[in-house]
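The opening residue of the sequence shown carries number 0 in numbering that gives the first Met the number 0; numbering runs sequentially from there.
Hints are computed from structural coordinates only; laboratory data are not their basis. These numbers come from a predicted model, not from an experiment. Positions of the beta carbon are idealized from the N, C-alpha and C atoms, including for glycine. Any given hint might turn out to be false.
[What the hints assert, rightly or not] Computed Cβ-Cβ distance ranges for the label pairs, DEER-style:
(1) Arg4 x Glu62: 30 to 40 Å
(2) Val107 x Glu16: 13 to 23 Å
(3) Lys109 x Ser51: 39 to 49 Å
(4) Lys59 x Arg4: 17 to 27 Å
(5) Ile74 x Arg100: 35 to 45 Å
[Unchecked claim] As a list, the in silico DSS-like pairs of lysine-lysine whose alpha-carbon atoms are at most 25 Å apart:
(6) Lys77 x Lys42
(7) Lys77 x Lys46
(8) Lys68 x Lys46
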Amino acid sequence: MSADRELLEVLTGFMNEDRETLVPARLSILVYLYFTGSTQFSKLQDKLEMTSGNLASHLKKLEDLGLIKTTRGFIEVKPVRFIEITSEGIEKVREQVLRMRELVSKVVEKQT
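Turn these sequences into a full structure, and let the hints guide you.
And the structure:
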């Protein structure tokens, strides 16, 4: 098998395995939460520069997948939505990083 074909197979396999979370917005949400653990909706919206509707739809999908959980609370009598990554979400980020590392190593091998 040629190096180009092997690289293409790794890439398409990676993309086909997880179409739900490799959407750039969802991956950004997961990576941000991976490093912070949890955050408020408004802070996440500001960091990722997303509209509230767009962010809410991506959060709904990630919550349906069990990768995050959202709760509602109050800070100084103001309603706040909190978002937290689950253990499944943490594992998903780690899996994706390992797969990306594999893909990057294939690209580097091809260059040498």
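Worksheet item: What hints, given by number in increasing order, does this structure fail?
Response: Result: hint 4 breaks, nothing else.
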